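Asker: Below, each chain spelled out in residue letters.
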Amino acid sequence: MPAVQDTIDRVRKIDVDQYKYGFQTEIAMDKAPKGLSEDIIRFISAKKDEPSWMLEWRLGAYRRWVTLDEPKWARVHYPKIDFQDLHYYAAPKSTPGPTSLSDVDPELLRVYEKLGIPLKEQEILAGVQKTDVSEFEEASDNVYKSGRVAVDAVFDSVSVVTTFKKELAQAGVIFCSISEAIREHPELVKKYLGSVVPTSDNFYATLNSAVFTDGSFVFVPKGVRCPMELSTYFRMNEKNTGQFERTLIIAEEGAYVSYLEGCTAPQRDENQLHAAVVELIALDDAEIKYSTVQNWYPGDAEGKGGIYNFVTKRGDCRGDRSKISWTQVETGSAITWKYPSCILRGDDSSGEFYSIAVSNGYQQVDSGTKMIHLGKNTSSRIISKGIAAGFSQNTYRGQVSAHRKATNARNFTNCDSLLIGDQCGAHTVPYMEAKNATAQFEHEATTSKISEDQKFYVMQRGIPEEEAIALIVNGFVKDVIQQLPMEFAVEAQKLIGISLEGSVG
Amino acid sequence: MLEIKNLHARIVDDGTEIIRGLNLTVRAGEVAAIMGPNGSGKSTLSYILAGREDYEVTEGDILYNGESILEMDPAERATSGIFLAFQYPMEIPGVATMEFLKVAMNEQRKARGEEPLKIPEFLKRVKDAAASLNMDMAMLKRPLNVGFSGGEKKRAEILQMKLLEPKLCVLDETDSGLDIDALKIVADGVNALRSPDRAIVVITHYQRLLQYIVPDTVHVLYRGQVIKSGDKSLALDLEANGYAGVIGQAA
Ligand SMILES: Nc1ncnc2c1ncn2[C@@H]1O[C@H](COP(=O)(O)OP(=O)(O)OP(=O)(O)O)[C@@H](O)[C@H]1O
Ligand SMILES: [Mg+2]
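Just so you know, the sequences run in chain order S and W. Everything in the first sequence is counted per this note's numbering, starting at 1 for the first residue and increasing by one. Everything in the second sequence is counted per this note's numbering, starting at 1001 for the first residue and increasing by one.
Hints are computed from structural coordinates only; laboratory data are not their basis. Keep in mind that this is a model prediction, so the values were computed, not measured. One thing to keep in mind: the hints can contain errors.
[Unchecked claim] Below, simulated EDC-like cross-link-like pairs (lysine to aspartate or glutamate); rule was C-alpha separation at most 16 Å, straight line:
id	chain 1	residue 1	chain 2	residue 2
1	W	1102	S	467
2	W	1141	S	479
3	S	494	W	1099
[Stated by the list, open to error] In silico negatives: residues of chain S with every beta carbon more than 12 Å from chain W:
id	residue
4	38
5	176
6	320
7	461
[Stated by the list, open to error] Stretch by stretch, here's where chain W covers chain S in the computed footprint (C-beta under 8 Å, at least three residues):
id	segment
8	446 to 454
9	470 to 477
Backbone N, C-alpha and C define an ideal beta-carbon position, used for all residues, glycine too.
Okay, chain W solo, but in the shape it has when bound (with noise of 0.2 Å):
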């Protein structure tokens, strides 16, 4: 479902390289895990992945279900089923929440050919998800994320990815930020969502996420590069020892 063949990509306004030949595939239906030190260029790979235009990419390519993906913006990427839930999600003041769902749902409808949903479909929907998720319908009131607690945002990710049906799912650090229940909500959340046709890209510094959602591969990204994939007991193996010992082979 992704392949990401020796890419490389730097900073468009300083030229820094941040990317540097990083290989990845992700068959539909597997999770994979990434992990890696800070830095390492996790949260920029999601980025490049989504799109988002601070980064250019100088060699290789992105392919999602066998296209390049490399020419199309974030909407036309999301509308394809590309989604990102944000290590730090944006604050959208003066937009209710349920409103923002409202009009992502029903343009990534539009881009389909399908009719917006229906006022009591789309409520139904929505406290689905936001029950599945513990969430207050309150809370969906209030404008995107202004003021939400750490957590909060977190799960507002997910209910929106819940909400979008996305079939490439990046998560980054989801987890960080969530209290003991929360995670296990989310996780089940996300498990809820694993299915043969959807790919899920956990990414995260801790294998206590790992114990609810359990990854098929796990990848080590460091200094733009992943320099070790291998299955769930790689996790374990990190969390044991620390990234040194990875780091020492690689070199």
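Chain S on its own, in the form it takes in the complex (with noise of 0.2 Å):
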């Protein structure tokens, strides 16, 4: 993604706080008024024209978590949530088809000016559509040489625009927004929507599923094998949004799919709220790899402001021989609450988790995973490698369970944890349960101090102290930047080393 890189490279360069996406645009929004009730449900089911049943569904979501608590078993820390000072709904206003980027919204395009987002791309982000086709294909070229990515762009709530449509669309691919999903393949959507994580889940989860406002469709029929990289590209933008994402992926039998999300967020001084919903659905044989790079706003030097991120993301293996990958790399966020979990249900199916999470400043972390063995001879295999920093709290909460039924099911976990500084803490708290006899379990963990040595040692060879801990704590994370697709891979590195600036010193 040659936004997401160049981006990178500019904030490299304006050197104003430790976190630098420092700016925030007033684009005229379209939003609901503060606070959530069942009227503001329907408010958010109308602006988005969807079918009863849709309403529906959302309300029996909101009365479940009205009879809710917050969970408080994570190892965070934050003020109390006022749940009725937020708004629930907000769209960028549109101008429905610009045909040039001079139609389009210029404070828009001074967001992903500052992004350093190249022109031709800001013109398929601000979905300028354009009367000749081979022009627009020949932009997307450009755009996307370094391979082939699919960016769905979500502008706070509503997707802006969707592109490849055509190219995927001859694959069978469908690759669109959830509300879109809603109006035009409402047959899948019910089917498949909160089968993986069911409107009664858990606190936020539940939230999520009444006031949900855009995000994601995936669905690769039977036996395709996705000809790109889906990526959604989006970022949070008006001033004390929830972000409600739902992002709902399927693969049928036999089929494959690679989906990427990373994002960033401009800085504000009020903590903002994301809780997001990933499910995925693996049927026979088929595969999905999800690979997320976060870097939302964490907090100011003393930890003020930064974005709490609860989010519930859950893949299920439901067919036989059926494979979900989770690959992470987490550094931005105040707060950070997330567990991508696998449930193993088909028999010889497979899960991963590949996680970094990199905490500094005052950042909290509770992340892991569970993988939940049902099927016979299943495997899960979870590498997890945790960087703290500064003042920052960084945990690995993790669940391996075999079900009784649960034949051969074998789990690999290995977590390291590495400390810069003696002010930060690593925690690794791991479940185990087996209830079949025959389960493998095997886990592995150690916690280590980035070592005076090896720093002394990458110096001595003339590289200096910042960029000498960047390469010291992107040789430990290998194992999992491997599991990156490239595009992903070399940003993440880059990202990991801007994360920990300021650590030393």
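These two chains come separately, so use the hints to put the complex back together.
Answerer: What follows is the structure in structure tokens.
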């Protein structure tokens, strides 16, 4: 993703704050009044032109949510969130179908410019409608010369544009916003939405079910290998808007898809809540690879103002021999509460979780995974690398369980923590539970400090201190970086370097 | 090129003085050998030259090309041309040797205001240097020093030295752990770097290395001081008679 690459290069040059995406735009927002009620949910549903079954689904979730309390078990601390003090809907003002960049809201363009997005790509992100299709395709080719990536840009809550649709459609792949899917493919949405993360799942997921405003929908039909990486490149943008994304990815029998999610956010004073839900469904012999690079505003040097990220991500290996793989690089947010999980329901199915979680400043990360072995001969693999610097707290929380009928379940877990400095903390909380005697679970964990000997050795070769630390840390996380698609791998390595800036000295 | 004047240095943690009034001058183009019993402070001296923070200089100065380097951090010293081949090179897990070489070479170039090396040029330099040290390129794909044998680590140090082209090379017991053939290869590598504008300091216990890398001067370090200096015959004398005589004289 050259856009994100450019952004990072540019960001390195601006030396304002620890976090350098520090700007905010004022795009005339079409938004709901603050607070949450059945009326607000009706407003959202109406805004989105939803069928009545969808509204009923949301209302059901909302009625459930009012009976729930926020979970308290994670090792994170934050002031109480006033859920009535948030806006639950915001859409950028749309001028339907601009024909050139001059028709696009200049504020929007300014945001892209600050992010260092090339012009051609701005056109695509802003949804400029080219009358000449070939010109459009040429533009896309220029933008994505480093690889074939289809972008579904989410600007705050509404998908601004979707590219590469045509080629995907030829392959029979559906890639669109969830709102569009609800309108255009109701039978698929009805069948799968909430089938992995039910509306009653947990406090944040239930809230999301009631108020989600956008997100992506991917459907890869039987036997199809998705011809390109799919990617959502989204930013949160309006003050105090809760961001509630809902992503649903379905790979039918024998299908394959790789999905990339990455984002940056502008600086702001008040805390910003993010509670996304991602559901993955893999049928027989299908494979889904889901990669995330998360770099949201972590708060200022005192730890104020960062994003609260409470995410529910779960994959269901519903079919035999299916495979789901989560790879995440978490560097941002003030609070991260996130456990991408796999339900290994099909026989011979497998799940993977590769994670890098970097925390610096006053960030708090409580992240990990759950591998639930239900089918026979299921296997899972967990590689977690936590890096804590500054005053941050970094917790790995993992659960591996084998059901009574899950004969020959296998798990390998390796979680390593690296500490930089002596004011931060790393914690490992693994739960293992085997109800079937044939299960084989292996667990390895290490905690180490970045060694002065290593740092001195690296610096002796002429590598400055911060680069030396970034190099050693990138070596430490190598096993996970290798799991990322190429474009993301390079980007992620740079991001890790940036996130650790100021961790020494 | 290097002038160490009445250097006193102690361990920051416990205040123990290790270097106690050390004087040493090494001119450009010179190969100086430093010998001395175990624990006399040879490695400590090399670390202090390279700027390790565990030691604190309490008195005296280190001049490199006439200027004090005491305020420079290890990376700055390295980019100014000081290279230390470690007695015990560190393992850097997950960082391919090749990648490490590229970062180190380009960081030094950047500090000198030069463009990063183009990939083909970089590869060519690495291949040539590795071939001259009889090193397999496959090894360079492995993480730096991880699982390398003792001798392989020493060779990898010399490889880095060749590629970084330092002006002041300090080799701390590079000969230990090398087999007979490797010793010769490494010595040839070091000799190839001998030049009028470069100084080489070889720390060793054995005359054997000095048969291959013939020193211009030999210095005996004892309890943190240079107690005797001479030419290459001093090394032969030490080999034959041990340190007792020299220490006795100094006492
Ligand atoms: N960080 C440290 N903490 C404690 N003692 C130290 C430290 N560094 C050096 N010393 C001590 O200082 C003395 C000199 O050590 P140094 O490694 O410089 O010796 P050397 O001359 O290189 O010995 P060798 O020939 O065995 O390599 C030793 O007694 C050693 O134990
Ligand atoms: Mg030594």
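Asker: Indicate, hint by hint, whether the structure satisfies it.
Answerer: A quick look at each hint next to the structure:
1. Of the supplied pair hints, the one linking residue 1102/W and residue 467/S holds, its CA atoms being roughly 13 Å apart against a limit of 16 Å.
2. Of the supplied pair hints, the one linking residue 1141/W and residue 479/S holds, its CA atoms being roughly 15 Å apart against a limit of 16 Å.
3. For the hint linking residue 494/S to residue 1099/W, the alpha-carbon distance of about 15 Å falls within 16 Å, and the restraint holds.
4. A cut-off of 12 Å between C-beta atoms confirms that residue 38/S is not in contact with chain W; the least separation is 53 Å.
5. Distance check for residue 176/S against chain W: the nearest CB is about 39 Å away, which clears 12 Å, and the non-interface claim stands.
6. Against chain W, the non-interface label of residue 320/S holds: every CB pair exceeds 12 Å, the least being about 35 Å.
7. The non-interface label for residue 461/S is inconsistent with chain W: the shortest C-beta to C-beta separation is roughly 4 Å, within 12 Å.
8. Using a Cβ-Cβ cut-off of 8 Å, 4 residues of the segment 446 to 454 of chain S lie near chain W, which meets the minimum of three, so the contact claim holds.
9. Counting residues of the segment 470 to 477 of chain S whose beta carbon lies closer than 8 Å to any beta carbon of chain W gives 6, which reaches the threshold of three, so the coverage claim holds.
Violation of the numbered hints given earlier is confined to hint 7; every other hint is satisfied by the structure.
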